[in-house]
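**Student:** One letter stands for each residue in the lines below.
There are 2 protein chains.
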Amino acid sequence: MVSLTRRLGALVVLAVVLVALPALAETPAKVVATIASPAGTLALRVELDGEGRPAYAVTRRGAEVIAPSRLGFLFTDAPKMERGFTLAGQSSRTVDETWEQPWGEWRTIANHFNELRVRLKEKAGAARELDVVFRVYDDGVGFRYEFPDQPQLKTARIADELTEFAVAGPGAASAEAWWIPGGEWNRYEYLYQHTRLDAVAQAHTPLTIRLADGTHIALHEAALVDYSSMWLRRVEGTRLKAVLSPGAQGPKVVRAAPFTTPWRTLIFADSAGGLYQSHLELNLNEPNKLGDVSWFTPQKFVGVWWEMHLDHSTWSTGRKHGATTANVRRYVDFAAANGIPGVLVEGWNVGWDGQWFGNGNDFDFKRPTPDLDLPGVAAYAKARGVGIIGHHETGGGVSHYESQLGAALDYAQGLGIGVIKTGYVADAGQVERVDPDGTTLREWHDGQWMARHHLLVVTEAAKRHIAIDSHEPIKDTGLRRTYPNWVAREGARGMEYNAWGEPKNPPNHEATLAFTRMLSGPMDFTPGVVSLRGKGDTPIASTLAKQLALYVVLYSPVQMLADLPENYAKYPDALAFIKAVPVDWSDTRVPNGEVGQYATFARKDRRGDDWYVGSVGDDQPRTLTVTLDFLDAGRDYTAHIYRDGPNADWHTDGHPMIVETRTVHQGDTLTLPLARGGGAAVQLVAGKGR
Amino acid sequence: MVSLTRRLGALVVLAVVLVALPALAETPAKVVATIASPAGTLALRVELDGEGRPAYAVTRRGAEVIAPSRLGFLFTDAPKMERGFTLAGQSSRTVDETWEQPWGEWRTIANHFNELRVRLKEKAGAARELDVVFRVYDDGVGFRYEFPDQPQLKTARIADELTEFAVAGPGAASAEAWWIPGGEWNRYEYLYQHTRLDAVAQAHTPLTIRLADGTHIALHEAALVDYSSMWLRRVEGTRLKAVLSPGAQGPKVVRAAPFTTPWRTLIFADSAGGLYQSHLELNLNEPNKLGDVSWFTPQKFVGVWWEMHLDHSTWSTGRKHGATTANVRRYVDFAAANGIPGVLVEGWNVGWDGQWFGNGNDFDFKRPTPDLDLPGVAAYAKARGVGIIGHHETGGGVSHYESQLGAALDYAQGLGIGVIKTGYVADAGQVERVDPDGTTLREWHDGQWMARHHLLVVTEAAKRHIAIDSHEPIKDTGLRRTYPNWVAREGARGMEYNAWGEPKNPPNHEATLAFTRMLSGPMDFTPGVVSLRGKGDTPIASTLAKQLALYVVLYSPVQMLADLPENYAKYPDALAFIKAVPVDWSDTRVPNGEVGQYATFARKDRRGDDWYVGSVGDDQPRTLTVTLDFLDAGRDYTAHIYRDGPNADWHTDGHPMIVETRTVHQGDTLTLPLARGGGAAVQLVAGKGR
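Protein chains in written order, with the working numbering: chain A, 7 to 696; chain B, 7 to 696.
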């Protein structure tokens, strides 16, 4: 090999200006730009080393949390952009604003950051330019690359992104991480691993990290538009590096300049709950592009779904077909009787009777099965104040789905369908793409081509006032701000793994999700299996009270009552809470939480002054205390407390539940005893006093 | 998502035969084929799980060392091959043979294995077939995929290989690993990391592993021909997975069927030395395709090289140009005076005066610089029994080099050049490929395109009786067996890092290389810096005795005397050993060694009965004992022992060296005291008695 010295030996003759450059690692990097957050909590600096390699670093309250971390790109058809840069310019600005979510966890969102823009320019060769824009909040940093329009780089064919995240500080060497493997066949549906940060292999984001001093860090991205998802591969120690999801044609991303990448985001907090409270991801997305979206109403739904997972019925037609006229009517009746606005119908259409998994080319998104009078059922439902939730399972046959997309959405709209659950059941890397010339390619669920596909579906659906709930999705990066009809996703192990998973979700799964997957946005987890039983009458790792808590802990504007109607009839107390709990909120707090151990969320009903509290735990009995400091001063609240009974234990019987009602006030402390696999749910009804 | 249950719900109607399949992870895998090694030390089984996913597993002396590990492929244009397989057939055979290396560490190589061939066939869809061939030795396993000729798969466009290596056994959870990061910019030139196996991120091979019970494992590949190099990415725990080096056009590998992949190799041993003693890699390569290669003679060489790394001279022309007629003659004189057959001349040709790093398109491989009379110097050398070692630095401009390749080799042949050192100094992922249609692409040093390039160079060179010593190479996979003129490579941090590395090579670097990089084949490390000084008179982490030991420890059939002629004049004792030590051996033993701590190698001169012993250590003083059980019984040997003096210590002064001569016999024990950064070298001259 060769050192810079050797290169310099060659360069010295013609490029006298470079003579002063010593060898690579000997060069102290030079700070070329700095920016601090509004309150000064975070500070970011941009450096250039002696070879002109740019890096950024972050301090929090004066201590380094991100050591100098490289920036740059590899291309398939051009030299990389990674070194040889000078600073061609910089500028900064401040934004301090608030905006309102049409639906969500918080009504108003504050957006207050200081922005630094640096323009990097190559000193030699093609002299290409690259902007990096940093937005520094008190609770985190977002940065993105902006490729200017330039004759030397009309089209960027990105082989990979070289962005690094070098976690630093005294606690880094023994930091913990919670992660799922990125780039594996089962997409995002893995049990979370809890390891040392320096034992992470290749992870999806959000990646949640806890330093030894209690600092929590979440690494993720925002506004993933027309680009490939970022995985994080550990290079060595606690240094992570972006790896873009593959593209079948060579480049992982192809874009014409000018364009911007998604934001790379780093949230810093003193607690797990602090990570959740950050609005960084939403703030880094573009404002609502759809205008008035009042046509979507957050809602609960039931569905012809859990019975298939229990193997009581099938998606396919035949004797056990679930989506028959009679059976769907049964769910409609249950929904109408309980004020549930939606009924999901899976297996309603033609295409389920062959090898659809990873194929999907037999699906017809406009043709119900012969045993289902869908228009009739939809009318039947509508007359009872209930709407059908549509279902578009593609089996990964995405081009096939796109060929029917407009007609399929028209058809759904004609039936009064307001929400469609989409599905992409195929192994990772197996999405079928058929180009106009007939070429068939295999893409990844989270590559650029699918990022484009999902937005196509969402925008086409928006034209028809339909909301989208994507399963086997691309991960959430806050695009619900820009496209508020993209209401929820799967993208993790949901309730279905409690039907047949081997293993099922462990007792601490939801307390892990709360501070990992849920940092990215709403999840259609499908809670509320009050039977606490999966396929073959096998137990699930939950008490009854915990099932109620999930409606508060795991936010989604569409929340399923996943269980069978007949099971809800057996647990009227539980059903009462589930019927009452809202799906739209004006405020959210996280009174306590430790990743993978326990989590308490308090949320305020957007349509009133009531609060709801949900706590979930792990396999340990524990007692959580919640100080009700979020209630209005001087006001009475009637607390309906749904908590684990003294003998509740998911290993034996999770059903014992005590429902207790008492009056509480601001500043009171709720004491919530959690059983093994337990939880607690509290309804705080605002009364007199204001 | 969806479970197999859900899929089965769909399949049950049309595919009754599949009804019995339970859900994925519930299914106990079924063993469909087994094979044991000749002495029964290792046993391998092939399984198919309930979804038809093939896996292999390995036991050693009855205990599992590799847990069931998946097999398969992703394609960019077709569904993956990974599940849905049945066993369509199997066969086995035994081979027990020996063959001879034309040069090497051992004259004869025993090749004794049991082979199992399984044919897998997809049950549905395209019903593609795939063979997996396992060769099970007592010290390891090699397996490869064979794609049969079949109408459903004429061309394989491989997106990635899904081969896994799940290290198992009681010691796996706390196993250690020595590794360098795969897929990073500096190719293979990284300090070895010593971590727990479950903290490996993405590694190059050979990857060396030590289980808690002392079992050593090396994972690597053999016969990397027309395919992309394999990196190993840890998925979770101690489960590793193949990642192929990228290809700029989408697929990482494009091959027309029928074809075979490289062998994936697993060596198992009770000691680090046991790994080195395995001949698995050579055995899994095809026999010599070049016929008589006696035109290549293993040799030592000096060169116009270290002086550039010290910044005394430059590759580029001008006042400091190293490769001038006068300076090259100086090296020729030194070589002639000391019986050294070769003189390397770097910076001899036109092209070094611009930005050649990562570019290389200005290089002219037929035109010496104006200040060098290369034909005259070559004639001068020849008259003195010395040959010129050629140098083809490409700067990563590989298509440019190929455009001159034939003429360049003809030119070298005309000058009597018998060995050419090639160079590919460009960052990883930056090799420039210009296709015939003018398309420019950026490839990886270890991708399929470069695997092809290197063999093009080697075979073109062979036609002209020229040997190749590749720097910034693709890794070694034993192809010297098939192409014995591919004599050595770099592919790790060599001596040059002791000139200018930041940091330099640590004292235990060579004791790490011995059981990591060196498992793959000869390395042109360029030992013998007897000054023990790098650029700016900085110390290197070595004693003088260790520099001598390197000639025995780090095998190469071309070994440099890297230092300046004037420095050798100062250390005549050291020079005496270096002049004497052979570069071709008939036998090799590893009397002791622990990865990264110390290593002792004993090798027998191929041209006689003398033995040579070399030991290297780390930053601890230590005493090694070597039992001379490899000597002939009843014979006198005169031992010339070059060992660290009592005050030797690389931190202060590494030069004190004691040269001791005594008579020894078979079974005697040599006691070798090693200083900090120390080593020992022993010449055992066979005398009377036989």
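Check each hint, because a few of them may be wrong.
Identical copies go unnamed one by one, so any copy, or any two together, can satisfy a pair.
In silico DSS-like cross-links for lysine-lysine, where the CA-CA straight-line distance does not exceed 27 Å [what the hints assert, rightly or not]: (1) K129 <-> K326; (2) K694 <-> K127; (3) K326 <-> K160; (4) K295 <-> K36; (5) K541 <-> K36; (6) K469 <-> K576; (7) K129 <-> K694; (8) K36 <-> K372; (9) K127 <-> K576; (10) K585 <-> K127; (11) K585 <-> K129; (12) K694 <-> K160.
If you are wondering where the hints come from, they were derived from the structure by calculation, not from laboratory data.
**Student:** Against each hint, give a clear statement of whether it holds in the structure.
**Tutor:** Verification of the hints:
1. K129 <-> K326: between (69 Å within a copy, 26 Å between copies)
2. K694 <-> K127: Answer is neither: 64 Å inside a copy and 73 Å across each miss the 27 Å cutoff.
3. K326 <-> K160: Intra 56 Å, inter 41 Å, cutoff 27 Å: neither.
4. K295 <-> K36: Classified as neither: same-chain Cα gap 41 Å, cross-chain 54 Å, threshold 27 Å.
5. K541 <-> K36: between (61 Å within a copy, 24 Å between copies)
6. K469 <-> K576: Neither: 41 Å inside a chain and 85 Å across chains, both beyond 27 Å.
7. K129 <-> K694: neither (70 Å within a copy, 69 Å between copies)
8. K36 <-> K372: neither (62 Å within a copy, 42 Å between copies)
9. K127 <-> K576: Classified as neither; 68 Å inside a copy, 50 Å across copies.
10. K585 <-> K127: So K585 and K127 fail the 27 Å test inside a copy (59 Å) and across (52 Å) alike.
11. K585 <-> K129: neither (64 Å within a copy, 48 Å between copies)
12. K694 <-> K160: For K694 and K160, the Cα distance exceeds 27 Å both inside one copy (65 Å) and across copies (77 Å).
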